Amino acid sequence: MSNFFSSFLLIGTGLALTLKLLFGCFIIGLSLGTLLAILKFCKICVHVIDLFVSFLRGTPLLLQLSLIYFSVPGIFGVQLSVLSAGIIAFGINSSAYIAEILRAGIESIPNGQFEAAISLGIPKNRMWRDIIMPQVVKNILPALINEIVDLLKETALIATIGGMDIMRYSQIVGAAQFNYFAPLCIAAIYYYVLVSLITWISRLIERRTSYVKA
Amino acid sequence: MLKLKEVSKVFGEVVVLDHVSLSVAKSGILGLAGASGSGKSTLLRCVQGFEKPDSGEIECNGRVCFIFQDFQLFPHMNVLQNLVYAPDLKADGSARQKNEEKALALLKSLGLGDKANSFPALLSGGQKQRAALARSLMIDPDIILCDEPTSGLDVMSIADVISLLREVRSRGVTMVIASHDLGFLTEISEKVILLKNGRIVVEIDPKQHDDPSKLLTQYY
Ligand SMILES: Nc1ncnc2c1ncn2[C@@H]1O[C@H](COP(=O)(O)OP(=O)(O)O)[C@@H](O)[C@H]1O
Ligand SMILES: [Mg+2]
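If you read the sequences in order, they're chains F and E. If you use my numbering, the first sequence corresponds to residues 1 to 214, in order. If you use my numbering, the second sequence corresponds to residues 215 to 434, in order.
Just to be clear, a hint being listed does not mean it is correct.
[What the hints assert, rightly or not] Which bits of chain F does chain E cover? Going by a derived footprint, with three or more residues having C-beta under 8 Å, they are:
1. 105–114
2. 133–140
3. 181–188
[As the list claims (entries may be wrong)] Here are the simulated BS3-like pairs of lysine-lysine, each with C-alpha atoms no more than 30 Å apart in a straight line:
4. F:K138 - E:K304
5. F:K124 - E:K421
6. F:K124 - E:K316
7. F:K124 - E:K405
8. E:K304 - E:K322
9. E:K428 - F:K124
10. F:K43 - E:K304
11. F:K124 - E:K266
None of these hints come from the bench; they were simulated from the model. All figures in this text were calculated on a predicted structure; none of them were measured in a lab. Glycine included, each C-beta is placed from N, C-alpha and C at the ideal position.
Isolated chain F, as found in the complex (with noise of 0.2 Å):
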């Protein structure tokens, strides 16, 4: 028993890992997908942004961070960490995803708001940042909760680069302990409470941005 504790206590050092890199990738995501959404209004970035959009959706993820990891100090001449080219790597593949999570978000918004704003004599600008955006955040916010926890599991990647995160440390210690069915299983504990975490966390938000509550 002893022996599983210091194992859970050990794997959970690679808490620290996985954590920034979800939080990395998810800014990067955020802000990167943001970028492309509103560049996707433009008629001549459209075709650019869907090729890009269409190579980070079509090919796996691992090869894109083995790209980022691998051959970008060939190309550019500077070796990155394992951190910020999973960040890196992450954070951009996201970036597709979190876009078209926007752009739908953006469209379900019925054209009556825009016309009722204008109507109003509310500027563009404020129009956007106050009655559209709003509503927008609103509507996508279980897409966005799903992209990460997807990211979270996604991380896990990392370890084949030879990130030392929850997964990677599991790998450890299950070799040096000839088994390997009781520290997966505490990483699988990690990621699962991990996940729940972040679902009560939307939840809590759902409920507090609920238009019916007075």
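Got chain F; can you put chain E with the ligands on it based on the hints?
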């Protein structure tokens, strides 16, 4: 106040407005009658500038505000916020205070005094209608364009809408009201225009006739 000269609008192959000319005097109510698809909404949308006519001229003195068939209240704001948001953009501290007082007085006069803090999702159809009207009155419009104000309302609420619109007219606001409800239109309007396939087929003063609805039906 509002004048249309030979306004035409084509969507693809369909001629939706066909050389429409009309004029509305200040503080008058013009009724736009016509079957569904006759071009009423398109005409209102052209006046507001949501659609650009393909030809013709629209002359319009003053501020125009549109009231949508489905109201388009902002769902994430409560009723009071819906009312004060637009006027507050051009106001500072004390003027905002005045806006709020004005909004609350308006809501009270429209029978929505207890709904200031409610979100639109919790209002009935008639209450949303009144909230939308109050919201447009907050920006002191000279002309209100009202699309199908009685759709989805019961007879009692329609009677309310009639007295409400009369009260708005008494404030000096000019109105153009599109509706397929002839009884309602002839009751409220000084002039009723009947549209058919984008063309004006007849124009009547309801007070000059015993049964204006029946008269209009003949042209439908
Ligand atoms: N944005 C649009 N694109 C194409 N056709 C349209 C559009 N808006 C309206 N129409 C067409 O114009 C005609 C008149 O519509 P509308 O003005 O809404 O009529 P009404 O309000 O009298 O029912 C209809 O045949 C409708 O299909
Ligand atoms: Mg219509």
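Structure-based check of each hint:
Check on the segment 105–114 of chain F: 3 of its residues sit with their Cβ under 8 Å from a Cβ of chain E, so the three-residue criterion for coverage holds. Note: the segment 133–140 of chain F has 3 residues with beta-carbon separation from chain E under 8 Å; the three-residue rule is met and the coverage holds. For the segment 181–188 of chain F, the stated coverage by chain E is not satisfied: 0 residues place a CB nearer than 8 Å to a CB of that chain, which falls below the threshold of 3. Our distance criterion of 30 Å between C-alpha atoms is met by F:K138 and E:K304, whose separation comes to about 27 Å.
About 44 Å separates the Cα atoms of F:K124 and E:K421, which puts this hinted pair outside 30 Å; it is violated. Restraint check: the Cα-Cα separation between F:K124 and E:K316 comes to about 25 Å, which is no more than 30 Å; the hinted pair holds. Of the pairs offered as hints, the one joining F:K124 and E:K405 is violated, with about 36 Å between alpha carbons and a cut-off of 30 Å exceeded. In summary, the hint linking E:K304 to E:K322 is supported, as the alpha carbons are separated by about 24 Å, within the 30 Å threshold.
Between E:K428 and F:K124 the alpha-carbon distance is near 46 Å, which puts this suggested pair outside the 30 Å criterion. The straight-line distance between the Cα atoms of F:K43 and E:K304 is roughly 34 Å, outside the 30 Å bound, and the hint therefore fails. Distance hint between F:K124 and E:K266 is fulfilled; the C-alpha atoms sit about 19 Å from each other, no more than 30 Å.
Of the hints listed earlier, those the structure fails to meet are numbers 3, 5, 7, 9, 10, in rising order.
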